[in-house]
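Undergrad: First to last, the sequence lines map onto chains E and G. With this note's numbering, the residue at position 18 of the first sequence is 655, and numbering never jumps. With this note's numbering, the residue at position 174 of the second sequence is 209, and numbering never jumps.
By construction, these hints were calculated from the structure, which means they are not laboratory data. Glycine residues also receive a C-beta, built at the ideal position from the N, C-alpha and C atoms. Honestly, I wouldn't trust all of these hints.
Here are some chain E residues the structure puts well away from chain G; computed CB gaps all over 12 Å [said to hold, decoys possible]:
#: 1; residue: 661
#: 2; residue: 664
#: 3; residue: 716
#: 4; residue: 723
#: 5; residue: 781
Straight line, CA to CA, 30 Å or less: simulated DSSO-like cross-link-like pairs of lysine-lysine [to be verified]:
#: 6; chain 1: G; residue 1: 81; chain 2: E; residue 2: 712
#: 7; chain 1: G; residue 1: 145; chain 2: E; residue 2: 702
#: 8; chain 1: G; residue 1: 213; chain 2: E; residue 2: 718
#: 9; chain 1: G; residue 1: 142; chain 2: E; residue 2: 674
#: 10; chain 1: G; residue 1: 213; chain 2: E; residue 2: 702
#: 11; chain 1: E; residue 1: 662; chain 2: G; residue 2: 103
#: 12; chain 1: E; residue 1: 718; chain 2: E; residue 2: 674
#: 13; chain 1: G; residue 1: 213; chain 2: G; residue 2: 144
#: 14; chain 1: E; residue 1: 718; chain 2: G; residue 2: 81
#: 15; chain 1: G; residue 1: 144; chain 2: E; residue 2: 662
#: 16; chain 1: G; residue 1: 213; chain 2: E; residue 2: 712
#: 17; chain 1: E; residue 1: 702; chain 2: G; residue 2: 142
As a plain string of letters, each chain reads:
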Amino acid sequence: MKILFAIVLMVFQAGAWAAPMETFKFDSSEQEAVFQKLSEDLRCLVCQNQSIADSNADLATDLRKEIYGMLQDGKTEDEIKEFMVDRYGDYVLYEPPFEPMTWLLWFGPVIIFIVGLFYARNFIAQQRSSGPSTELSAEDEQRLKNLQSELNYSDQNKDEDKSDTSGDDR
Amino acid sequence: MTETKQNNKSMLQRFMPLIIFGLLVVMLGVGLTMNPRLIPSPLIGKPVPVFELPLLNKEGTFSSEELKGQITLVNVWASWCYACRQEHETVKELARSGLRIIGYNYKDKKQDALTWLARLGNPYQQVIADEDGRIAIDWGVYGAPESFLIDQQGIIRHKVIGPVSSQENYDELMVAIKQISENKL
Chain E
638 MKILFAIVLM
648 VFQAGAWAAP
658 METFKFDSSE
668 QEAVFQKLSE
678 DLRCLVCQNQ
688 SIADSNADLA
698 TDLRKEIYGM
708 LQDGKTEDEI
718 KEFMVDRYGD
728 YVLYEPPFEP
738 MTWLLWFGPV
748 IIFIVGLFYA
758 RNFIAQQRSS
768 GPSTELSAED
778 EQRLKNLQSE
788 LNYSDQNKDE
798 DKSDTSGDDR
Chain G
36 MTETKQNNKS
46 MLQRFMPLII
56 FGLLVVMLGV
66 GLTMNPRLIP
76 SPLIGKPVPV
86 FELPLLNKEG
96 TFSSEELKGQ
106 ITLVNVWASW
116 CYACRQEHET
126 VKELARSGLR
136 IIGYNYKDKK
146 QDALTWLARL
156 GNPYQQVIAD
166 EDGRIAIDWG
176 VYGAPESFLI
186 DQQGIIRHKV
196 IGPVSSQENY
206 DELMVAIKQI
216 SENKL
């Protein structure tokens with residue numbers, strides 16, 4: 638019972654500091670939406686795996702304030718992003734920009750997928766043709782022909798020479 | 036003839052997954068051994084941000100204009116920063132060697148910063164105080180210590196992330212200083 642109580646406490650404790658947002662007052666709901674989007678798109682540089690929106694770090698708080706101030710000054714989403722990239726580099730964006738340097742990053746997965754598809758197709762085709770083989774080895778072919786001609790011979794007594802030149806008829 | 040060709044092909048095909056796996060291991064290995072804390076600054080090669088900040092230990096202000104004229108190291112530090120304490124001896128040594136060093140006190144309480152300097156020594160020609168860290172955003176500072184090497188024209192030429200006392204950081208800084216002074220001659 639005590640343990641259960643402790644667990645409950647722990648869970649609620651976690652909830653208590655999950656949302657580091659200060660209370661900002663926005664002029665409009667659109668402005669608030671842009672703020673939310675920006676702070677989720679921008680990476681907190683100190684904690685790295687959190688966005689500015691998620692992070693409790695001091696720098697994240699400062700950057701949220703900065704974004705808020707810029708929005709109040711009438712700056713657009715792109716202008717604010719540019720402001721951050723100018724100072725912290727592309728790294729600050731969770732979604733890397735589309736430019737020659739990052740083409741491999743963007744196209745890499747698609748290229749690997751296509752190569753994989755290609756490979757899988759070849760592999761399947763190969764498996765199919767070599768699987769439970771329908772082709773006989775030269776030796777077996779010979780034996781089959783011999784047997785066939787023997788049968789023919791005993792049945793009809795016609796194709797006498799076939800048994801000698803076996804292998805060529807089809 | 037065709038059979039050996041086919042054999043070669045199937046050999047390559049058979050080992051393809053292994054080759055791809057090997058490449059992945061190499062790539063991930065390189066990725067893992069890089070330090071994710073090192074984020075290259077986009078400010079390298081650009082002029083220092085324009086600012087004017089109060090001095091920490093005396094009356095008056097310090098402006099970005101004053102960074103021009105000679106090679107200068109701007110050393111971002113704070114009393115709450117453990118690694119700053121570690122690098123401080125090296126910073127002092129650099130100052131003794133004749134490099135102009137400006138202290139940039141980052142998000143610190145004035146009294147704490149002054150006590151820290153009194154205890155550990157003050158190698159800085161000037162100490163600027165950025166209490167709320169607003170100007171530090173313009174510098175792209177995301178932690179302390181960080182140091183910026185600025186040339187005579189006020190262009191940021193090199194950024195040290197972390198303590199200058201680590202061998203790697205120290206060597207890189209020396210190379211950068213050498214490059215700037217050779218350009219000048």
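Undergrad: Now tell me, hint by hint, if it's right for this structure.
TA: Now for the hints, and whether the structure bears them out:
Every beta carbon of chain G lies more than 12 Å from that of residue 661(E), the smallest distance being close to 17 Å; the non-interface claim holds. Non-interface status of residue 664(E) relative to chain G is upheld: no Cβ of that chain comes within 12 Å, the nearest being about 22 Å off. Residue 716(E), annotated as away from the interface, keeps every beta carbon of chain G farther than 12 Å; the closest lies near 15 Å. Not every beta carbon of chain G lies more than 12 Å from that of residue 723(E), the smallest distance being close to 6 Å; the non-interface claim is violated.
For residue 781(E), the condition that its CB be more than 12 Å from all CB atoms of chain G holds, with the nearest at approximately 22 Å. A distance of roughly 23 Å separates the Cα atoms of residue 81(G) and residue 712(E); the hinted pair therefore holds under the 30 Å criterion. In summary, the hint linking residue 145(G) to residue 702(E) is supported, as the alpha carbons are separated by about 22 Å, within the 30 Å threshold. Taking the CA atoms of residue 213(G) and residue 718(E), the gap is about 35 Å. The hint is violated against a cut of 30 Å.
This hinted pair checks out: residue 142(G) and residue 674(E) have alpha carbons roughly 27 Å apart, not beyond 30 Å. Under the criterion of a C-alpha separation no larger than 30 Å, the hint pairing residue 213(G) with residue 702(E) is inconsistent with the structure, at around 40 Å. With a CA separation close to 41 Å, the supplied pair residue 662(E) and residue 103(G) exceeds the 30 Å bound. For the hint linking residue 718(E) to residue 674(E), the alpha-carbon distance of about 11 Å falls within 30 Å, and the restraint holds.
The suggested pairing of residue 213(G) with residue 144(G) is violated, with an alpha-carbon distance near 35 Å, which exceeds 30 Å. A hinted pair counts as satisfied when its Cα atoms are at most 30 Å apart, and residue 718(E) with residue 81(G) qualifies at roughly 19 Å. Taken as a hint, the residue 144(G) and residue 662(E) pair is honoured in the structure, with Cα atoms around 28 Å apart against an allowance of 30 Å. For a cut-off of 30 Å, the pair hint linking residue 213(G) to residue 712(E) is broken: about 41 Å separates their Cα positions.
This hinted pair checks out: residue 702(E) and residue 142(G) have alpha carbons roughly 15 Å apart, not beyond 30 Å.
Consistency note: the structure conflicts with the earlier hints numbered 4, 8, 10, 11, 13, 16.
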